[in-house]
Amino acid sequence: MKFSVMVNEGPYTHQAADTAYHFTRAVLDAGHEIFRIFFYHDGVHNGTRLTTPPQDDRHIVDRWSELAHDHDIDLVVCVAAAQRRGILDKEEAKRNGKDGDNIAPGFRISGLGQLIEAGIEADRLVVFGD
Amino acid sequence: MLHTVNKSPFDSHSLQTCLGLAKAGSDILLIEDAVYAAMSGTAVTSMVESAMSSSTIYALESDLRARGIGSEKMISGINLVGYDGFVELAVTNDKVQSWL
Numbered sequence: 000m001k002f003s004v005m006v007n008e009g010p011y012t013h014q015a016a017d018t019a020y021h022f023t024r025a026v027l028d029a030g031h032e033i034f035r036i037f038f039y040h041d042g043v044h045n046g047t048r049l050t051t052p053p054q055d056d057r058h059i060v061d062r063w064s065e066l067a068h069d070h071d072i073d074l075v076v077c078v079a080a081a082q083r084r085g086i087l088d089k090e091e092a093k094r095n096g097k098d099g100d101n102i103a104p105g106f107r108i109s110g111l112g113q114l115i116e117a118g119i120e121a122d123r124l125v126v127f128g129d
Numbered sequence: 000m001l002h003t004v005n006k007s008p009f010d011s012h013s014l015q016t017c018l019g020l021a022k023a024g025s026d027i028l029l030i031e032d033a034v035y036a037a038m039s040g041t042a043v044t045s046m047v048e049s050a051m052s053s054s055t056i057y058a059l060e061s062d063l064r065a066r067g068i069g070s071e072k073m074i075s076g077i078n079l080v081g082y083d084g085f086v087e088l089a090v091t092n093d094k095v096q097s098w099l
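If you read the protein sequences in the order shown, they are chains A and B. Take 0 as the starting number for the first sequence in numbering that gives the first Met the number 0 and just add one per residue. Take 0 as the starting number for the second sequence in numbering that gives the first Met the number 0 and just add one per residue.
So here's chain A without its partners, still in its complex pose:
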């Protein structure tokens, strides 16, 4: 079965980023497919590679990047939510005249159409947030 996941809460806030991650792992462990993970609202903070938690804490951003790398998962950050919160890839940084970018490996910035498509293409869309 094909799943899409939506994450609406930032990392290290309540628990949604962790629940979404563990759910995604369980989906893959059960032999199902993840079509896409869409990060919206404060969820876009899951996609900055500048995150530096203490060494004995879980690294929520790296965890997503590794999952994307190991299982070829499409991690999409909403462009409008990202711009408001300072999440930029090279292209967006250049377009907005910023001095750097911070998108984490495995993430890409795109629009809400990607969420709609995720809902249409997957058999289930499961939402995590605050």
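Be careful, since some hints might not be right.
What the hints assert, rightly or not - Label pairs and their calculated CB-CB ranges:
no., chain 1, residue 1, chain 2, residue 2, range
1, B, 22, A, 92, 46 to 52 Å
2, B, 24, A, 61, 37 to 43 Å
3, A, 56, B, 99, 21 to 27 Å
4, B, 99, A, 79, 33 to 39 Å
What the hints assert, rightly or not - Below 30 Å or equal to it, Euclidean Cα-Cα: the simulated BS3-like pairs (lysine-lysine) are:
no., chain 1, residue 1, chain 2, residue 2
5, A, 1, B, 72
6, B, 72, B, 22
7, B, 94, B, 22
8, B, 94, A, 1
Claimed, not checked - Chain A residues, not near chain B, derived (Cβ > 12 Å throughout):
no., residue
9, 83
10, 93
11, 120
Honestly, the hints are just simulated from the structure, not real lab data. Glycine is no exception: its CB is placed at the ideal position from the N, C-alpha and C atoms.
Since the structure of chain A is provided, determine the placement of chain B on it from the hints.
Below, chain B without anything else, positioned relative to chain A:
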């Protein structure tokens, strides 16, 4: 339909709203702070118990454990599931509604 609730019933009305709107035969999964609703002897225990006559209530075991809620503190008849059980519930139900 699978309904997931993630807020404590002592913080938010989302569980109450969910239980009020869920059709008979629904599966309701308590995750994150919503697992406090699985405790016996609280102000919401009777609301949860009466919902159990028409719906099946589940609670995520790791979130219960993280909050020190053992089976002796729980309403009997609530089903414990792991993340694998969460996925299974999402598969067997045709839709998942998250009450955020």
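Practice task
Run the structure past the numbered hints and jot down the numbers of the failing ones, going up.
Solution key: 4 and 5
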